[in-house]
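Asker: The residues making up each chain are set out below.
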Amino acid sequence: MRRVISNPDFRAGFVDMLPATLALAPFGLVCGVGAAAAGASLAAAIGLSAIVFSGAAQILAVQLLAAGAPLAVIVLTCFVAGLRFLIYSAAMAPYLRPLPPRWQKTLAFLLTDQAFAAAIRRFDAGGDARAAGAHFLGSGFALWAFWQVTNVVGFFAGNLIPAAWSLDFAVPLCFIALVAPHFRTSPTIVAALVAGFGVLALAALPMKLSLIVAGVAGIVAGTLADFAKERWTAR
Amino acid sequence: MDGALKLWVVIAIVGVLNYLSRLSFIAIFARRHVPALLGRAFRYVPAAMLTALVLPMVVAAPPGDAATVSVPKIVAALAAGIVAFFTHSTLKTLTAGMLALWALQFALCGIG
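Chains as they are written, first to last, in my numbering: chain A, 1 to 235; chain B, 1 to 112.
Check each hint, because a few of them may be wrong.
[Claimed, not checked] Think about it this way: if two alpha-carbon atoms lie no more than 20 Å apart in a straight line, the pair counts; the simulated DMTMM-like pairs of lysine to aspartate or glutamate are:
| hint | chain 1 | residue 1 | chain 2 | residue 2 |
| --- | --- | --- | --- | --- |
| 1 | A | 105 | A | 128 |
| 2 | B | 92 | A | 128 |
| 3 | B | 92 | A | 168 |
[Said to hold, decoys possible] From chain B, some residues computed to sit far from chain A (all C-beta separations above 10 Å):
| hint | residue |
| --- | --- |
| 4 | 71 |
| 5 | 107 |
| 6 | 108 |
Note that these hints are calculated values from the structure, not bench results. From a predicted model like this one, the values you see are computed outputs, not experimental measurements. Every residue, glycine too, gets a C-beta built ideally from N, C-alpha and C.
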């Protein structure tokens, strides 16, 4: 444990993630508020944020619970909202292959939208897989730790931040920070355009299915564009 | 089932399902080669998934109420995207995006 904490890559990952943990604070507060509003005990609220560790799933769970939805509906809805983790897991897998199974199992737990995007960038930057893995552990741990703090604060204090400040806008901004630097090749831009139009066109689908359907469509479009580009340049 | 117990059951089941989703392909590909086609497709995961995740947060209006689409949010998001593209910095992107949003909101409707 001490060896991990003193690892410079772990520390760098932790520090690199701090701006994003701040940006996610309004989202964490909302999740804590939601748990309190649904009548959860403090232990259950912490259990929810510490174990489920996914804002979208947490919000859906407490909203459906408060509305008296059957257990199967709650579980299925949260599972569908978390289907994107399957895709993140697949995209992360080649990078984590050189690491020991214990690391793979730990990092899998910390695989969130934010940690995924940051880790892909770190692994793509090259270098030793273990160093990048330690960086991932640091950034994932920072996200997890601050997520618990903001959830508990939201549980007790309610929504501290006035809505007029629009601080909830920080959540999309920190995803923009991670996605915009990718837009350097034409297939990537095709992938983003198809996914973007798709998610807006399919907004009416239940259980946030629009995200996974549009995301997969974007990935397929990007891959096809990649093949087309390769043919074009090979000629 | 009373509410408190039901919540704990939800936490346990969703917690396990979420973890298995996150672990799934990491565990599957730990001992197998990733097929070349999938390896190529994986390159487009961040761009496609993050765009699909972020766009509704920026442009989505409440259902049936397209008139409330927030122009300041869209403009601020574009400004933040340009900053992110050139700086690769989360902090600079956050600063630029929030300042742009506040400036536009202030310009459009004053403090209130």
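Asker: State for each hint whether it applies.
Answerer: Now the hints, each set against the structure:
no., hint, verdict
1, A:105 - A:128, "19 Å, holds"
2, B:92 - A:128, "28 Å, violated"
3, B:92 - A:168, "17 Å, holds"
4, 71, "13 Å, holds"
5, 107, "14 Å, holds"
6, 108, "12 Å, holds"
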